[in-house]
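Asker: With chain W's structure known, arrange chain C on it following the hints.
Protein chains: 2
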Amino acid sequence: MSTPAQVRATATGSTAGLADGYAQANLVAVPRDWAYDVLLFAQRNPKPCPVLDVTDPGDHRTVLAPDADLRTDLPRYRVWRDGEPVAEPTDVLRWWRDDLVSFLIGCSFTFETALRRAGVPLRHVEQGRNVAMFTTDRRCRDAGRLGGPLVVSMRQVPAGLVGLAREVTARMPAVHGAPVHVGDPAALGIGDLDSPDFGDPVVAEPGDVPVFWACGVTPQAALVASRPPFAITHAPGHMLVTDVPDHAYAL
Amino acid sequence: MSTPAQVRATATGSTAGLADGYAQANLVAVPRDWAYDVLLFAQRNPKPCPVLDVTDPGDHRTVLAPDADLRTDLPRYRVWRDGEPVAEPTDVLRWWRDDLVSFLIGCSFTFETALRRAGVPLRHVEQGRNVAMFTTDRRCRDAGRLGGPLVVSMRQVPAGLVGLAREVTARMPAVHGAPVHVGDPAALGIGDLDSPDFGDPVVAEPGDVPVFWACGVTPQAALVASRPPFAITHAPGHMLVTDVPDHAYAL
Chain W
1 MSTPAQVRAT ATGSTAGLAD GYAQANLVAV PRDWAYDVLL FAQRNPKPCP
51 VLDVTDPGDH RTVLAPDADL RTDLPRYRVW RDGEPVAEPT DVLRWWRDDL
101 VSFLIGCSFT FETALRRAGV PLRHVEQGRN VAMFTTDRRC RDAGRLGGPL
151 VVSMRQVPAG LVGLAREVTA RMPAVHGAPV HVGDPAALGI GDLDSPDFGD
201 PVVAEPGDVP VFWACGVTPQ AALVASRPPF AITHAPGHML VTDVPDHAYA
251 L
Chain C
1 MSTPAQVRAT ATGSTAGLAD GYAQANLVAV PRDWAYDVLL FAQRNPKPCP
51 VLDVTDPGDH RTVLAPDADL RTDLPRYRVW RDGEPVAEPT DVLRWWRDDL
101 VSFLIGCSFT FETALRRAGV PLRHVEQGRN VAMFTTDRRC RDAGRLGGPL
151 VVSMRQVPAG LVGLAREVTA RMPAVHGAPV HVGDPAALGI GDLDSPDFGD
201 PVVAEPGDVP VFWACGVTPQ AALVASRPPF AITHAPGHML VTDVPDHAYA
251 L
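Going line by line, the protein sequences match chains W and C. For the first sequence, the working numbering begins at 1 and goes up steadily by one. For the second sequence, the working numbering begins at 1 and goes up steadily by one.
Chain W on its own, in the form it takes in the complex (with noise of 0.2 Å):
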C-alpha cells in the first residue's frame, strides 16, 4: 500500500483505488475575479460541490496536503481558455499564474474505502479503471456569472447492496454523499452507460444495478457552460491525494 506522498509522487494514471484510506480531492483554479462565483456556485450546489479547501491567490498549497505542491502533485491536469480544454498536462508549472485560487473539492474516492469494508464491491477497481462519469441533463442552480450541468459518477452496485451503499455514503456529505439517484440511467438523461463522458465504461456483473452519485467534475461542465477566460482543474479521476484520513469526512 502506498502513503499518499508516494502516490503524489509516482502515479501517473486514475487515482482510483490508490492511497487506501486517505481523502482524494478536486482541483479547480481560477483567476481571483472569478473566484467568488466558482465558490458560491459551490455554497449553492453543495452536492457536487463540497469545499474542503480554498487557498490564498497564487498559493500552490493546501492545509489538506501540506507537503504537496498543487502545481505538481495531481498525475495529469486539464487546463482552460474560454470554456475549452487547451491542454492535458502532468504539470502546471509553466501555466500557473499567481492570481490563481484553488478549490479542493471533495471526492467520491473518499468513501470506497469505508464502501470495501462493508462489503459493497467497486467494479471499477477489480477491473482497474477510471471510475464512469456522466454529465446529466438536471440543471445546477447557478452563481453569478457560473452555471452548468450536474455530473455524476456511476458505479455498479449489486441489488441487495444498493441500501448499505446508501447508509455507507451518507454519512460523509463532505466527498458527495448519498447517492443522487438509483437505477434507470434515462431518469438523469443519460443514454448509455457504456459511452461515460469522463473516465473509463465499466462492466456490470449480472445482478448489478447503476447507483449515482454527484461528482466534483461538475464544475468543469460549469466552465464549459460559462467560459471564464482561463482555468486549471484536474483531468477526471486524476485527484489530489491528500494526508487526510477519509474518516475524518465520516459522521
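What the hints contain is simulated information worked out from the structure, not anything from laboratory work. Any given hint could turn out to be false.
Said to hold, decoys possible - Among the chain C residues that face chain W by a calculated CB cut under 8 Å, a handful are:
# : residue
1 : Tyr-36
2 : Leu-39
3 : Leu-40
4 : Val-54
Stated by the list, open to error - Here are some chain W residues pointing at chain C (derived, C-beta under 8 Å):
# : residue
5 : Tyr-36
6 : Gln-43
7 : Val-54
8 : Leu-93
These numbers were taken from a predicted model, which means no experiment stands behind them. All C-beta atoms in this analysis are idealised placements derived from N, C-alpha and C, irrespective of residue type, glycine included.
Answerer: Relative to the frame of chain W, chain C by itself:
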C-alpha cells in the same frame, strides 16, 4: 404560538423563544466587492459561520423565507461604516444598496426547540431575555481582508444535562452544532459571565454549568476588526425567523 410570518411582521425585540420549531438566521450584508471575503471567511470558519443562503447583489429576498423582505422583516438591524455601528434601526430601507450581497447564517436559536424537547431548560427564555454572547480570545482563520475573534453564545445548563445538550446540538451542524467549550469561561478569555458583550446577562440556577456555542455574531466582530466601508447586519439576538422547519437542519 406565532407563525414565522407573524413574528417577522410584529416582533420588536430579541427573537429568542419565538416561532418555536422554525430556523432562525443571522444576517450580514456587504457590498459585492467584499462578498468573496465574507464567503471565504464563512468557508474557513464553518462552526461560527454556517451559510444557509447567499443572495444575488441587491436582492432583498431569500429562499429561506420567500415572502420575507430582508430590509424590513428583522426586528432590529445594525448599520456599519468603516467597522463602526452607526445606527440600530428597525428597518434598513433608506440604507439599502443595489450592490449588497446578503449572507444568511445559521443561528443557535434553531436548536433550542430540540434542546427543550430533550428536557434541557433554557434559562434565558425562562427569564424572558436575549441569550448572552461573548467575544472570545480565539482568533478565526483569516480570509482575504477579513479576520477577527470567535464570538460565542452561552447557555447555563444543569451539569447532569451537559452531555445530552452536546448530543442534541451536535446533530445540527448547520446551526453551529456541538459546543466549542464547557465550563471555565477564562479558557475562552471571558472575564465575567454577568457582563456579556452582546445580549443579556442570564441568571444561573444552582448546579448549572456554562456551555458555549459558536455564534453568528462572529462576522460582526470581523467587521469591527477589518473595517469594510459599509455593511448591514441584524442586531444580536434579533434574527430573521425563516419558514424552514428546524428539523430540516438536523442530521
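Asker: Can we keep the C/Tyr-36 interface hint, with Cβ of chain W closer than 8 Å?
Answerer: For C/Tyr-36, the interface hint holds, since the closest Cβ of chain W sits about 4 Å away, which is under 8 Å.
Asker: Less than 8 Å between beta-carbons is the criterion; does W/Val-54 satisfy it with respect to chain C?
Answerer: Because about 6 Å separates W/Val-54 from the closest Cβ in chain C, which is inside the 8 Å limit, the hint holds.
Asker: Once the shortest beta carbon distance from W/Gln-43 to chain C is found, is it less than 8 Å?
Answerer: Result: holds, 6 Å to nearest chain C Cβ.
Asker: Holds or violated: C/Leu-40 as interface residue toward chain W, Cβ cutoff 8 Å?
Answerer: Cβ of C/Leu-40 sits 6 Å from chain W, so the hint holds.
Asker: Report holds or violated for the interface hint on C/Leu-39, using the least CB-CB distance to chain W and a cut-off of 8 Å.
Answerer: It holds, given that the least Cβ distance between C/Leu-39 and chain W is near 5 Å, below 8 Å.
Asker: Holds or violated: is there a CB of chain C closer than 8 Å to the CB of W/Leu-93?
Answerer: It is violated, given that the least Cβ distance between W/Leu-93 and chain C is near 26 Å, above 8 Å.
Asker: Can C/Val-54 be said to touch chain W, with a Cβ gap under 8 Å?
Answerer: This interface hint holds because 6 Å falls under the 8 Å limit.
Asker: For the hint on W/Tyr-36, does the least C-beta distance to chain C fall short of 8 Å?
Answerer: holds, 4 Å
Checked against the numbered hints listed earlier, the structure breaks hint 8 alone; every other hint is satisfied.
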